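Protein chains: 2
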Amino acid sequence: MSDFKYKGYCSKLLRVNLTSQTASEEPLNESDVERFIGGRGLGAKILFDEVKEGVEPLSPENKLIITTGPLTGTRVPTSTNRFVITTKSPLTGIYGFSVSGGAFGLELKKAGYDGLVIEGKANKPTYLQIEDGELHFRDAGWLWGIPVFEATRLLRETLGYDYRTIMIGPSGEKLVKIAGIISDDRRASARCGVGAVMGSKLLKAVAVKGSKEYTFADPAKFDEALKEAFKNIGIQPGPWKEFRQTGTQSGPIKNNAWGILPTANWRESVFDKAAEISYPLLRERFVVKDTGCNQCPIRCTKLTLVKDGPYAGAATDGPEYETIYAFGSACKIGDPRPIIAADMLCDDLGLDTMSTGLTIAWAMEALEKNAISKSELDGLNLRFGSDEGLLNAIKKMAYRDGALGKLLSDGVREAARKVGKGSESYAMHVKGLEIGGYDPRGSKGQGLVLAAGSRGGCHHAYGVASFVEIPQGTATSAKGKGLLVKGTLRVRVMIDSSPLCAFAASRVPPPLLARLISAATGMEMQLSDLERAADRIATLERAYNAREGVRREHDTLPDRLLKEAVPDGPNKGAVLTPEELELMKTELYEAMGWDTSTGIPKRSTLEALGLADVASDLARAGCL
Amino acid sequence: MSDFKYKGYCSKLLRVNLTSQTASEEPLNESDVERFIGGRGLGAKILFDEVKEGVEPLSPENKLIITTGPLTGTRVPTSTNRFVITTKSPLTGIYGFSVSGGAFGLELKKAGYDGLVIEGKANKPTYLQIEDGELHFRDAGWLWGIPVFEATRLLRETLGYDYRTIMIGPSGEKLVKIAGIISDDRRASARCGVGAVMGSKLLKAVAVKGSKEYTFADPAKFDEALKEAFKNIGIQPGPWKEFRQTGTQSGPIKNNAWGILPTANWRESVFDKAAEISYPLLRERFVVKDTGCNQCPIRCTKLTLVKDGPYAGAATDGPEYETIYAFGSACKIGDPRPIIAADMLCDDLGLDTMSTGLTIAWAMEALEKNAISKSELDGLNLRFGSDEGLLNAIKKMAYRDGALGKLLSDGVREAARKVGKGSESYAMHVKGLEIGGYDPRGSKGQGLVLAAGSRGGCHHAYGVASFVEIPQGTATSAKGKGLLVKGTLRVRVMIDSSPLCAFAASRVPPPLLARLISAATGMEMQLSDLERAADRIATLERAYNAREGVRREHDTLPDRLLKEAVPDGPNKGAVLTPEELELMKTELYEAMGWDTSTGIPKRSTLEALGLADVASDLARAGCL
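Residue numbers (the working numbering), protein chains in the order written: chain A, 465 to 1088; chain B, 465 to 1088.
Think of the hints as simulated: they come from the structure by calculation, not from any bench.
Warning: the hint list may mix true and false statements.
The list makes no distinction among identical chains, and a pair is therefore deemed to hold if it is satisfied within one copy or across any two copies.
[Unchecked claim] Straight-line Cα separation of at most 20 Å, PhoX-like style, residue types lysine-lysine; simulated pairs: (1) K870 / K885; (2) K771 / K870; (3) K1027 / K885; (4) K588 / K771; (5) K1066 / K737; (6) K673 / K737; (7) K585 / K796.
Everything numeric in this text was worked out from a predicted model, so none of it was measured.
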């Protein structure tokens, strides 16, 4: 696919109503772009304005908002295909978004749209076909029920392979709350149950094809900034060069050495088989090719293949670190083969690997503790380390099949709620979102990231503090982490809103990002403007959640992390006390201008950020 | 994909040598085209000339010959994408070919080639990339081991989706003798172990893209004939219209009613669950869409989907009748769900469904008879009716895994040879090729088709006599069947050489076929010319096998069919005696001008057909 030029960013949104089967184009508000950039920021803005408190996430009133950003479709490394899906999450009940690479974002841009806002609910399974300015509502009855890989092939074979698609699997169709959306090239917008929202609208897929070209506002300036970005990506030695070799697959061995590799549903923090499921052994034994998102120069994706045993033939782009952690150490599976197979299966059935793995890990512990019985798992041998149990559980969860499906398909919070018997204390989620794989008792800033993150217990939304505090040698201290996280979240919000891949943040640092966006769009953005936009977006996300009832006390962690000491490894005995967490929260709230007693953004902060309308709305909703 | 025009047929062949990594173009010999048409006929000619007796099928000396024909790429219904793969079969040791639809044949033509002759053996896994006149030998190390579906996606994602591919799965790589070759749109060139030959050359895939246009020799005349073909396809009522509804999936119920549905490894001839695995129930419960080969107006392919149970999510183009028979009635599996899953799995792993199913059915009987033990099947519960056993056996066969893989991966003849203990008598193959699903004791002409067919025990090469003799009411009689089969084989050879889909034979009857070929190529072909070409091709095939040692006595049937009476159903008590078979053979040989004592084509026949060179070669080889 060739690079294409575009002039400015402000083009238009396509608003599609599935209930009435109508659509309209609307110009993208220039000031919204300046204030919220695009991608994550723009999605948050539309969600805040249009999906009010109390909307049932799986009702027609919820919306699926798909946004690109000013750098989508440019050759800025990692930006080419980036897009963001925003919705009210059925898994958490709050603000939800999921970022993805692949090829869909670029195609949407080429079709002339900076975003899609999908509303209502079709009366039968439907897919959307968008070609440049043209939209068709198409019958998807024949695709309904077909897993992602085959359904994608069938759809593209029908429409032409110049279409790029996003699609749900059986799990999304069955409103499984940990279902994601998968693009034709196997990239996943996995988190927050975005697939269930798509399923609730009876929308199987969106297929897009475009031929539009854009011109940059200032091509010369853009090219100059672009060159710098490529130089950073291409030449700088050190960790970055290493990253091309390892991708995220060095995570297990690294986090294990740091003593923060969650193991056995977070009961332990080191895994004796970490090396087996990590770079370099993974690379030696399983990686067959370095690949990457469309046009991305990094090639951090590691195509893996299982060559023997019962999972022979399983091949997947990945698994990434978080998937290895979720199916590997968290489930105590030390053989990469079932992990690769599980990763592939989740993509095909449309499941979020992290939420799936953590929910299964919880069930393994609950079974061991007799909080649940084998019959509640349809007789499945769901013991720690059971690869067969893992794979069968995934299938059942995707289809809501049997007692197991009924219990586990909506994620770990819901499962623990149903079971009770103290199992909530080891249900590893925050606000309903299964948490990322960095033990905050050995990396305290990461505890704040997990506790306060805008979409729940996530390793992404506020950045990975571990990567800063561990090399700094400050990981065991809580003090100063509010400020540190303000820094990581700011960068992450900018990155997600441009949008770029999180992995590019160090090579396209904020000042360079500002130059790129300015040159591309013609909207003069200084670093300080970007930082202000990031604060604005993070505060808007916070406001969204506040309107849904989220308060300071909800920014917390699973009991296990606040009540148990690390039992093993380099951090043995380490704790993260509730007091430490509260200290970090206060620091962060203060740094962000959020009320330290409620966690709600202050009116003064909102107004200073130009969010007076948000303040009014929060006041209307009784939050201010 | 748009229609394209071509002038004449005689373009060129691309000869590729994998050993030396060189290639050359050679003009297609006009007289060969006139005499052997294309497709099957041309493949047989090249094979006869270039792959002599004694060549080990899996050695570099064997060749993989891929031919299109004069109607490939035209809009003649069912012809658009047809191509033929010819090789010396590792499964049978004799002449082998496999016909397929899909999209690859058209693309090969558009790239400027009427055929590919692939020779030698690469020194590492390789794929061929052909774009118009350009050929590249590419490293396929990273694709080696990846099953067909994912490897196809990865390859097309790499090269561009305008490439069309044929590919082997793990089974072809592991030289499994029942491995086929699968095209990007899931069409299979399955029979005769063509995939093992490709694997033996370390050739994972051929990817082709073309943009050439051709003009017809006589466009007006072609269009006129084409209109007639479309009229036949489109309007004629009766069985044809029904075929669009049923595809081949009405086979089980129909053959069951006729008492010729092979059941329990051919021990029985009716299946009490025939209706369950047949149209109309299949259509009601499992078919989600009528599809078809690229541009084919018939849409006989039935896309099926398993919606629940352990095989939920399995989706396949088909299964066709022969697959349903092989995995269904032959294995006594009356649930379509594992049959659909098995069909999909075989496509992904690259296995021939018929050979796979019949080999498993044999193993089921051998296990029941204690001719083999469970430990020889790695403890698998391979009982008649065991869907779990079926699916696990398929996986093991594809990978040559364990004792089971070692025993079954090379088809039923080889398995029975290893086991002995009388198991050869119920190994349902002829000359090593597992046989098609029409019981010849209830349809005697079909017995001749199976016994004498040029590629072994096949329902395709000589046509399906059952479809003529049963409606005629002559199915229980042997007399006259030599002439009947001469008729069905002639038509089939013409169809395969043009090539068209066998299902189009009744709608594009030979006189119309002659008009179409003439108008397309500018070579004036009368019906009599086509008939003579068909006789020439069939005789050449016969000569090839004669040179390999095939004689009259090899044209036989499994003991079960010649020694046991039909035990049940409408044909209960029916037998096909050796005498009847011999009578039919003599009739056929006489009709074809083949020596009735040896089965070898007579010198006079060869000379009359303009095959003096073949006669000389047979004389050299001591056959004449």
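Where does the structure disagree with the numbered hints, that is, which hint numbers, in rising order? The structure breaks hints 5, 6 and 7; every other hint is satisfied.
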